[in-house]
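Visitor: Respectively, the protein sequence lines represent chains A and B.
Numbering of the first sequence is given in UniProt numbering, commencing with residue 1 and proceeding in unit increments.
Numbering of the second sequence is given in UniProt numbering, commencing with residue 1 and proceeding in unit increments.
Bear in mind the hints are in silico, worked out from the structure with no lab data behind them.
Some hints could be false.
Since copy identity is lost for identical chains, a pair holds within one copy or between any two.
Claimed, not checked - Here are the simulated DSBU-like cross-link-like pairs (lysine-lysine), alpha carbons at most 35 Å apart as the crow flies:
#1 128 - 41
#2 55 - 31
#3 208 - 41
#4 223 - 45
#5 35 - 427
#6 375 - 40
#7 223 - 55
#8 8 - 425
#9 282 - 208
#10 194 - 425
#11 35 - 62
#12 8 - 194
#13 31 - 128
#14 194 - 427
#15 68 - 128
#16 208 - 35
#17 194 - 375
#18 35 - 201
#19 45 - 365
#20 62 - 427
#21 208 - 40
#22 68 - 208
#23 40 - 128
#24 425 - 41
#25 68 - 27
Protein chains: 2
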Amino acid sequence: MQINFWNKQIETASRDEINDIQLRRLKNIVKQAYKSEFYKKKFHKAGIESPEDIKTLEDIQKFPFTTKNDLRQNYPAGLLASDFDDVVRIHSSSGTTGVPTVIYLSGEDMDCWTDLVARSLVATGCTKSDVFQNMMTYGLFTGGLGLHYGAERVGMAVLPIGGGNTIRQVRYMQDFNTTTLHITPSYLLHIYGKLDDFNTKIEDLSLKRAITGAEPHTEQTRKKLEELYNMPCYNSYGLSEMNGPGVAFECVYRNGMHIWEDGFIAEIINPETGEVLPDGEKGELVLTNLTRTAMPLLRYRTRDLCHIYDSDCPCGRTHRRLSRIMGRTDDMMIINGVNVFPSQIEEVVMNIPEVGTNYQIVLTKKGAIDKLIVKVEIYSKMFSGDASQLDSLNRKICEELKASIFVNPVVQIHEPGTLPTFEGKAKRVIDMREEI
Amino acid sequence: MQINFWNKQIETASRDEINDIQLRRLKNIVKQAYKSEFYKKKFHKAGIESPEDIKTLEDIQKFPFTTKNDLRQNYPAGLLASDFDDVVRIHSSSGTTGVPTVIYLSGEDMDCWTDLVARSLVATGCTKSDVFQNMMTYGLFTGGLGLHYGAERVGMAVLPIGGGNTIRQVRYMQDFNTTTLHITPSYLLHIYGKLDDFNTKIEDLSLKRAITGAEPHTEQTRKKLEELYNMPCYNSYGLSEMNGPGVAFECVYRNGMHIWEDGFIAEIINPETGEVLPDGEKGELVLTNLTRTAMPLLRYRTRDLCHIYDSDCPCGRTHRRLSRIMGRTDDMMIINGVNVFPSQIEEVVMNIPEVGTNYQIVLTKKGAIDKLIVKVEIYSKMFSGDASQLDSLNRKICEELKASIFVNPVVQIHEPGTLPTFEGKAKRVIDMREEI
Ligand SMILES: [Zn+2]
Ligand SMILES: [Zn+2]
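Whenever a hint applies, use it, and build me the whole structure from the sequences.
Guide: Structure representation (structure tokens):
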């Protein structure tokens, strides 16, 4: 397999070299953080007298965590650590609760970010000959502009089309010989169902790969997409608090996402106790941004559950790898006292060949009892249409779900194309228990 | 008045220096254009044997015009003049007729474009201390990303919020002390009417200027906006075929838009005969892009009607100035045989103090007779509400319109906030004559 690098020296650095870079950058960024109102107070409160306290990488554990709530409470400028004149980009999200958070970047910060995204794209095999159709929303959402800048730096031909308008998307894929899509997995699933309507076959397109982001999704969904489109689909990890995309990205081996450790320090903690866990154990990801000077963020609790591999990757990159995100601490559903993540349900249903590309999870309440309804579509090419086949499929899905999540679901099987579809981020879970 | 420059040497170059640059670049770009399928054929057809034929700037007149139709007929790649590997950006618009056009840019082309936009912003007084709230749509529309890149290059703090969501727009103006808006004039008018609802006063904001674009608008609309907001509103000119914004831009004197003549050759022609007109005469603007190597465009007919001033500007910039666009050859309405531009109507109604910030033009047909209906809103602060005042206002608007456009209109006066509003480009003219 052909392995391309954007910055081979850094990407294949030895563990000692990576540690050196991390320690040097950590010292700098802690000093920089100290210039913000927020961290000055936080350090004092934590009894850290001087930000020079760092001698080893383990010393990071002396610092307190930073949370989403800290960001909200110190909106708009409490975490700003550099002169406002140096800021060239502001990203803000109002979030689901309506309280905004904000991220500031300087010109140098933009440069570091763009470089990590470029590196990520090259790791998936992108070169300047590729045509990059960016189907993510542009604007304050960091996924759209973030990948745009990285793809431009690689020298790809960037088509900044944004989300939606499926007929135009498919037309442009043909007219401009698009090789690389940046898209949510749910929209990619949705488009597949539309190709017939447009008389377009996968073979008419020049697609080589998709970068699927902005939504957690399971390995089963990836496999389904890869089969349908006959191309690799790359998983990536990022969050707006850490600039956006480009924190961790899969290489061509698609065996976990290389965390760019010259840019970030990743820790896994027990979300209940805050205790740092060893590599390989599942817990909450905590990230420190090592290079963002306008707004440093130390030991930020991402609320994403995953684990870290430190085994060798055949691509030669030495940066450790992040597992697929298994859920968010705040996505977890409690169903009759049992903890269930939506991803567990997705994993089961997307693994069943007779199930199509769309599903929905609905929670209701009957008296004191929670009821879990899982709606799936049948996959027409695998289904003859007779009633007894439907019954046995329903039983099969129920049993497999029960075995995986320890909750008895009601499974509803729908005709293809009848569940709600999404031209952007999917909303799969509908919790109606509060309303009742 | 404080005059800032981005590149003083070029911006204040003598006419001879500008001519030299233009001639040198014209020779290059003609040679480059010859590499595209489209121009190769077009040159042969026009009897231009070799692209070396250019000895003086006047020789540009030997070349045939390029039209929007040429772009459509040679979609997607007929005008591409460089290796596809060099392309880093594709912009395409499906247009009103549904036939797409496309623009390709190389990395160097992006750099030239960004530089002209940066220069334009600095001409309005922008510096790296400014906060730039970009309220234009991001994506394939070149206005959004074009200004974004230019503002970033100046070092402004760019908030890439895009259009819509007025309550959030106003909140962010306050929270981030926005100084500079990029916005359509109709949306800026719309927001003014909303400020009361949000309990926000102009004095609570830090606004210093607005860059109003993407819609032709009249001097009367500008004056209204400048009074309401107590800040200058800058007019600019660009079109996606010439990359987008940054073709011509007002300086702080706001007396016409400096055409960046090191980047473009501007000619004014008689749209009927194609004859080139002298400076000062009104006609159709024809533009040659002097630096875009991926897709040169020579003598492109913009269909925009305007004239060129060559009088000195007190800012010291020597690049000639474009008048406000007076209409597009294809916007012209023919009402009972009389040619009327929507801008003529806007000019009249926006000049009447009792008229609010919104209007609409409706065309219907009664038998063979066209009927022009002009709908306006009253401006509540200038209006007592009694019926006789309404009648006399109606008569006044009718008379002034009749005197200006030689068509008898029906004027309808509406209450404030009742005509359709636009959070992006306004659609002011509704022509229902075809449907009947
Ligand atoms: Zn690898
Ligand atoms: Zn001037």
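Visitor: Hints broken by the structure, by number, lowest first?
Guide: Violated hints: 4, 5, 6, 7, 12, 19, 20, 24; rest satisfied.
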